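Undergrad: Protein chains in written order, with my numbering: chain Z, 1 to 139; chain R, 1 to 139; chain D, 1 to 139.
None of these hints come from the bench; they were simulated from the model.
This one's a predicted model, so the numbers in the text were calculated from it and none came from an experiment.
A portion of the hints provided could be inaccurate.
Given that identical chains are not distinguished, each listed pair holds provided it fits within a single copy or across any two copies.
As the list claims (entries may be wrong) - Listed next, the in silico EDC-like pairs over lysine to aspartate or glutamate satisfying Cα-Cα at most 20 angstroms (straight line):
#1 Lys4 / Glu17
#2 Lys73 / Asp85
#3 Lys4 / Glu107
#4 Lys73 / Glu17
#5 Lys108 / Asp80
#6 Lys73 / Asp20
#7 Lys74 / Asp36
#8 Lys108 / Asp23
Chain by chain, the residues run as shown.
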Amino acid sequence: MAVKTLRLALSASGNCEMVDITDHVDSLLSDCSIQDGTVTIFVPGSTGGLTTIEYEPGLLRDFPAMFDRLIPKKMTYAHDQTWHDGNGHSHVRASLLGPSLTVPFLEKRMLLGTWQQIVFIDFDVRPRNRRLILQVVGD
Amino acid sequence: MAVKTLRLALSASGNCEMVDITDHVDSLLSDCSIQDGTVTIFVPGSTGGLTTIEYEPGLLRDFPAMFDRLIPKKMTYAHDQTWHDGNGHSHVRASLLGPSLTVPFLEKRMLLGTWQQIVFIDFDVRPRNRRLILQVVGD
Amino acid sequence: MAVKTLRLALSASGNCEMVDITDHVDSLLSDCSIQDGTVTIFVPGSTGGLTTIEYEPGLLRDFPAMFDRLIPKKMTYAHDQTWHDGNGHSHVRASLLGPSLTVPFLEKRMLLGTWQQIVFIDFDVRPRNRRLILQVVGD
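So here's chain Z without its partners, still in its complex pose:
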C-alpha cells in the first residue's frame, strides 16, 4: 500500500467552463505505480468544483444554465460589497458543488460508466491557470 501525490495543471476560462479531465487523470494513473485504489481529486481553491457528467454539448449548456438560474451572477452578494471582485456567485456555486471527488480504480483504470466523464468546473469570472491535486491511495 502506498500514497502518491500527483498534480494536474490546466487553464480554464471561468464563467462555468467545464473542463473534461478524465483522460488527464487516467494518464497520470497509468504512470503511477499503484494498481488498485482510490484517487481523490481536489481543487485547492474556492471558486472551482468537481463532479461527473456525460460530456456532450447539450449538458455543457444545461449544467451551467442551472447555476445561472439558481445562483445568479446578477444578484447582490455581501462578498462583492466588501471585495469588489464580482465573483460572489462563483464562491457560492463552488461551495455547493464541492471541491473533492473520490473515484475508485482497478488495474490503473477508473471505474467510470461509459457515458461518464470527470469535469472540473471553473466558476470564477476570469481565465486562470489551475492546479488540481490527485491523491492516490492503494496497492
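Once you've looked at the hints, dock chains R and D against the given chain Z.
TA: Quick look at chains R and D alone, frame taken from chain Z:
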C-alpha cells in the same frame, strides 16, 4: 492495509426514487476482510447520485420535491433537443448531487448517525438495473 | 500504511451557522502518526454538512442566503407534518450538500488553497453539540 472492490446490484424505478442501501453496504463490509478504513461508494453512470438522509416517508417526498422545484423536468434542456431521451433534468440533478460518497468504518461497521441512512437516488426516467462500486481501503 | 480514527467535538448554534474547522483538523493531523494521505471528514447525523469556502464575513452571509432562497424554512415539508420538529428544510439542505469531505494531506498539512477553509454547516434549528469523525488513511 489492503484494497477490496465490491459490487452492489440493485434495481431502481427512476424519477428520484431513493433506495436505502445502508444494510447492503454493511453486509458487504461484514463479509470483507478489512476491519477499519473507508468505503467509497461510487455510481458508474451519469443519472444517479448518492447522499445520506434520515430515511423516513416525509423526507422521501421532501427531497425529490426539492429537485422537482429547482431542476424541473418540464423545462427545455439542450440535452433533450439532441438526444430526445427526455432525461436532461436527470443528468443535471445527478451532477449536482455527485456520484461519490466516502464513509468511514471501524470494526466493519460504518460510523453513521442513528438516524442517518445511505441512499442511492435514481434520477433517470425509467426503471433500470444499477450496479454500484464499493472501494474499501483499510486495515 | 495505517488507518486512524479521530474525533472532533464542537458546538454549533444551527440555522446555517458555518463553523471553520480547518485549524482543528490541522491540529488533529499534526498529533497523528500518519505523514501523507487523505483525511475523510464525516458528519454522523442528518442535519449537518461539509464543504470548503473562503471564510470571510460576506460569504458567511451569502452561502446561507442561497439555502434560504432555494430550500426555504417557511414551506410545507412532509417531514414536519409527521415529526413536528420544524427542521424538514434542515434535512433537505444537509442531504443536498452532503455529509462527507475527503482532503489530501502531505507532511501532515492539508493541501488547501490559501483562501480556502473547511466548514461544518449546522442546518438544524437549535444549538447542538456535534461530533465529527476524521478517518485518516495513509503512510
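Undergrad: Indicate which option fits the pair Lys74, Asp36 if close means a Cα-Cα distance not exceeding 20 angstroms: within, between, both or neither.
TA: Result: close neither inside a copy nor across copies, 45 angstroms intra and 42 angstroms inter.
Undergrad: When no copy is specified for Lys4 and Glu107, does a C-alpha distance of 20 angstroms or less occur within a copy, between copies, both, or neither?
TA: both (16 angstroms within a copy, 12 angstroms between copies)
Undergrad: For Lys4 vs Glu17, is the C-alpha pair at or below 20 angstroms within one copy, between two copies, both, or neither?
TA: neither (28 angstroms within a copy, 35 angstroms between copies)
Undergrad: Reference check for the pair Lys73 and Asp85, CA-CA at most 20 angstroms: within, between, both, or neither?
TA: So Lys73 and Asp85 pass the 20 angstroms test inside one copy only (12 angstroms; across, 30 angstroms).
Undergrad: For the identical chains here, do Lys108 and Asp80 meet the 20 angstroms Cα criterion within one copy, between copies, both, or neither?
TA: neither (43 angstroms within a copy, 34 angstroms between copies)
Undergrad: Tell me, please, which holds for Lys73 and Asp20 at an alpha-carbon limit of 20 angstroms: within, between, both or neither?
TA: Close neither inside one copy (24 angstroms) nor across copies (26 angstroms); limit 20 angstroms.
Undergrad: Tell me, please, which holds for Lys73 and Glu17 at an alpha-carbon limit of 20 angstroms: within, between, both or neither?
TA: This pair counts as within: shortest intra-copy Cα distance 14 angstroms, inter-copy 24 angstroms.
Undergrad: At 20 angstroms max between alpha carbons, let me know whether Lys108 reaches Asp23 within a copy, between copies, both or neither.
TA: within (12 angstroms within a copy, 30 angstroms between copies)
Taken one by one, the earlier hints fail for this structure at numbers 1, 5, 6 and 7, listed in ascending order.
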